[in-house]
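J.: What follows is the residue order along each chain.
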Amino acid sequence: MRNKIVQNHIEGIVSVVVLLIVTCFILYLIWGNYLSQKDLSESIKKSFINSVEEQVLKISQCFRQMQEGVEQLSKSRELEIYYENKALGMSLEYGLKASILNIKSRFNAVMENQIIGTKHVFEKLAYVEREGNVLIDPGKIDKELDLFQIASKSSQAGDFLVLKNQNNFIYIVTPFYFKNEHRGQIVAKISTDVIKQNIDSNANKENILKKQLFLVYEDNILDAVLDLSDAQKNQINHFLSKTMNISTKHLIEIKTKNKKYKDVTDDGMLAYKTAIEDTPFELLAIISKHTLLGKHNPGNLLFVLGTITFFLILIVLFSFKMSLKNVALAIKIKEEKERVNLIEQKVGERTKELIGLNNMLLEEIEDRKKAENKLKQAQAQLVQSEKLASIGQLAAGIAHEINNPMGFIGSNIEIFRQFLSNNKKLLDQMQKIKKAINVKDIEKSHRLVSEMNEIENQINIDYFKEELPELIKDVQKGVDRVNKIVLDMKIFSREDTGEIDILNVNNVLDDIIRITWNKIKYNCVLKKHYGDIPCINGNQQKLGQVFMNLIINASQAIENKGRINIKTYAQDNNICIEISDNGKGIEEGNLKKIFDAFYTTKPVGEGTGLGLSISYEIIKKHGGDIIVESQVDKGTTFIISLPKEYGIK
Amino acid sequence: MKTRQIISKKSIYLYLLFLMLPTMFVGNVSAQNLDEIKGKGVLRHLGVKYANFVTGSGDGLDVELMQLFAEYLGVEYVYVQTSWSDVIGDLTGKRVKAKGDDIEIIEDVPIKGDIIANGLTKLNWREKVIDYSDPTFPSQVWLIAKANSSLKPITPTGNIDEDIKMTKEQLKDQSVLAVSNTCLDPKLYQLSKTGADIRLFTGNLNQIAPAVIKGDASSSILDVPDALVALEKWAGEIKVIGPVSHQQVMGTAFRKDSPELKTEFKKFFTQCKDDGTYLRLINKYYPAVFDYFSEFFSDIVK
Ligand SMILES: Nc1ncnc2c1ncn2[C@@H]1O[C@H](COP(=O)(O)OP(=O)(O)OP(=O)(O)O)[C@@H](O)[C@H]1O
Ligand SMILES: [Mg+2]
Chain A
1 MRNKIVQNHI EGIVSVVVLL IVTCFILYLI WGNYLSQKDL SESIKKSFIN
51 SVEEQVLKIS QCFRQMQEGV EQLSKSRELE IYYENKALGM SLEYGLKASI
101 LNIKSRFNAV MENQIIGTKH VFEKLAYVER EGNVLIDPGK IDKELDLFQI
151 ASKSSQAGDF LVLKNQNNFI YIVTPFYFKN EHRGQIVAKI STDVIKQNID
201 SNANKENILK KQLFLVYEDN ILDAVLDLSD AQKNQINHFL SKTMNISTKH
251 LIEIKTKNKK YKDVTDDGML AYKTAIEDTP FELLAIISKH TLLGKHNPGN
301 LLFVLGTITF FLILIVLFSF KMSLKNVALA IKIKEEKERV NLIEQKVGER
351 TKELIGLNNM LLEEIEDRKK AENKLKQAQA QLVQSEKLAS IGQLAAGIAH
401 EINNPMGFIG SNIEIFRQFL SNNKKLLDQM QKIKKAINVK DIEKSHRLVS
451 EMNEIENQIN IDYFKEELPE LIKDVQKGVD RVNKIVLDMK IFSREDTGEI
501 DILNVNNVLD DIIRITWNKI KYNCVLKKHY GDIPCINGNQ QKLGQVFMNL
551 IINASQAIEN KGRINIKTYA QDNNICIEIS DNGKGIEEGN LKKIFDAFYT
601 TKPVGEGTGL GLSISYEIIK KHGGDIIVES QVDKGTTFII SLPKEYGIK
Chain B
1 MKTRQIISKK SIYLYLLFLM LPTMFVGNVS AQNLDEIKGK GVLRHLGVKY
51 ANFVTGSGDG LDVELMQLFA EYLGVEYVYV QTSWSDVIGD LTGKRVKAKG
101 DDIEIIEDVP IKGDIIANGL TKLNWREKVI DYSDPTFPSQ VWLIAKANSS
151 LKPITPTGNI DEDIKMTKEQ LKDQSVLAVS NTCLDPKLYQ LSKTGADIRL
201 FTGNLNQIAP AVIKGDASSS ILDVPDALVA LEKWAGEIKV IGPVSHQQVM
251 GTAFRKDSPE LKTEFKKFFT QCKDDGTYLR LINKYYPAVF DYFSEFFSDI
301 VK
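From first to last, the protein sequence lines are chains A and B.
The working numbering numbers the first residue of the first sequence as 1 and each following residue consecutively.
The working numbering numbers the first residue of the second sequence as 1 and each following residue consecutively.
In case anyone wonders, no lab produced these hints; they're calculated from the structure.
Just so you know, even glycine gets a beta-carbon here, dropped at the ideal spot from N, CA and C.
Mixed in with the good hints there might be a few duds.
[To be verified] Heads up, incomplete: computed chain B residues facing chain A, CB under 10 Å, no partners named:
1) G74
2) V78
3) T155
4) P156
Build out the structure end to end from the sequences listed, making use of the hints.
T.: Take a look at the structure:
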């Protein structure tokens, strides 16, 4: 056993060593490739730098040509003549103007004739006298420049001037001396377009690179060197902020992680900045690394090299650690196996015990279920008995309700009886008259007729004739009322069917009000405010039970005299029933309890405390809600909301 | 019947002849000069060497203008050199002498040319013997002096009469050059009243400035086109003191009996102005003059 483990161990070490050798060979190859690519990219970079330097030479030549052009003007005879004539005291009107015009035409000629490529070198040429007046200003240069400032500043020949917000123009300023005295300045405005054209035409010739060249002045790009949009300008400026710190004549690499500048900077840029001789300007060349070097990116190789090496070290370390671990592990496994056997035995024993316990538990659960069912039955009985208790409460009122129609039915029947006995007297009399007429005893018949009239007066026959139909109608009404009460009672005391009817809550309320009326009418004024509400699905009996309970609660809360308001209305997807009273109210602390089963503040025998808890249950089953608002001594409002379209859950 | 017919025919012929007579005569006279020129195929340009109008070296504003005019007429151009004293005689065949605004005919001379184009200033007396074209060029007569002379350039007042007065006041006891029979005739400007020592110059007008510099006189009157040339050529050596005349105009001159040529020139000149030819010529010979006389050139500078 031990030997086999050691053998495995040795095999592992050998395979790691072989892996190491192979990888080292690959690394060696990559390194060689890296070195050669590095040489290649160095030479590409060098030729890039050379091409930029060449362009700088051309640009500085271009600048020199401009400076020379302006200097030439500063030696022009026309300016001298002007100052000579001025010295003679000649006036502008008579003579001097001609001198100025001659200068002007000279300046114009220079502007016309100085051309680089296809562009006029000088956009504008002006001459400003030391005193600040602009003598020659063909292009109205003074609108852009504070010429007085320029004039008073004694400059060197060929000084450059770049204005802050006039980036695309460069001014060359050259002083004019007359008899060794500084008299004024020649100001030449040059569009950087000219230089741009120079750069462009040069760049086109060598199509190696799509490099971007910028004329830089005091760390700012003169923008006409390239046609740039504002966005591009921002990008470049952002980029510049990074490149400005670079010393001239060094090719440096710039990386930016900012996605915003991605199109300018892709995967890293190379920047090279170099001074333009004899000018305050520098030329900045920017090129994307990818464009310049293409696939020849030794950096990438170096990265690959590094990555492989890193993983290699990881693998070596890992496998070394693993092989050490393996030996220890093999020994451990054996010991572990023995321990497991022991444990398995113990587990078997435990399992048996557990099965026994489990059976007991199952029995317990069965018992619990039975108990629960019993409880449910008891609960249902309780609910029914609560209902019956309500009926008990109502019984007295209902007896009276039936008594009342019975009373007038009885008295009406008494009147009928009287009417019938009177009627019998008249019938008897009529039969006597009939007999007398039959035997043709006319005298007797006359007497009998006058007797009959007397009887009619006695029994007040006219009154009976009028009142009789009314009395019969009243009797009928009384019978109907009793019938109705009996019917209601039947409905209410019926065993719960759980049926769902389409019902109008307003009608249900009316029914309930009718059968509770006798109980509440002594201390309550009841007002109904029924809204136009749609029919809903619901159990008429159960909802009736809820309303009855609430109405009875309300009447019980009223101690002397009070009023109950019942309001229905539709709101959103619900219909609402508000039952409010101005009774004694509920203390805030008790509000939470009133829906609990068996909570009551009423004396034993009067209240069971189940009314609201059952009501709550019923409303919930209807998918509705019941809330209460109450203030002590002011009154209580129960608000029930029921969904318009919903069956019992 | 017959007789009546003959008589009526005759009278009609006579009548027609009578009607045609004046038209034939007029046509004859007016067409004479232009036809002659076209017939010979030559336009003879009378010129005096003067400023940049006729430089003397084969070019000049008026030389080029006349060459173009000859081309326009379809004839050959010939330059005829003359002098200020002869130029009018050479055109009209009558030598005249100016007496202020009037003239005196001295003698008949042969006609040598057809047109004077020479920066000829429009003067009252000249208009009595020759016809002028529409003004071709503005002018004025200035007083110039040697740079170191005691004459001082005036300070312009904005009022030309005042300026002339101030200029003339300085002439007292100063020697001044002038040229008879030209626009620089001292009589035209009443120089004698200034108390100046007037010296009549006989040389070429181009020579006046050098003469002043040389010291022939301390000053001279000179017309503006010439003065502008002089100021450029001898800058620092001469100075302009001020004006001695109001603004004048120059024109091309014709014989009074050749209106046809004058009309033809008018057409030609209008065309030159319109197509920019004249502008080009003035830019070439007198670039400064536009700003001096911007009003005069307002119709050709757009
Ligand atoms: N409108 C009300 N005004 C004041 N208190 C009320 C009102 N409605 C209910 N209560 C209070 O809530 C308690 C619980 O009412 P619930 O209807 O559940 O039982 P009960 O009326 O006391 O008895 P039961 O309705 O079973 O006969 C009442 O005892 C009472 O204190
Ligand atoms: Mg209750």
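J.: Any hints this thing doesn't respect? Which numbers, in order?
T.: Structure breaks hints 1 and 2.
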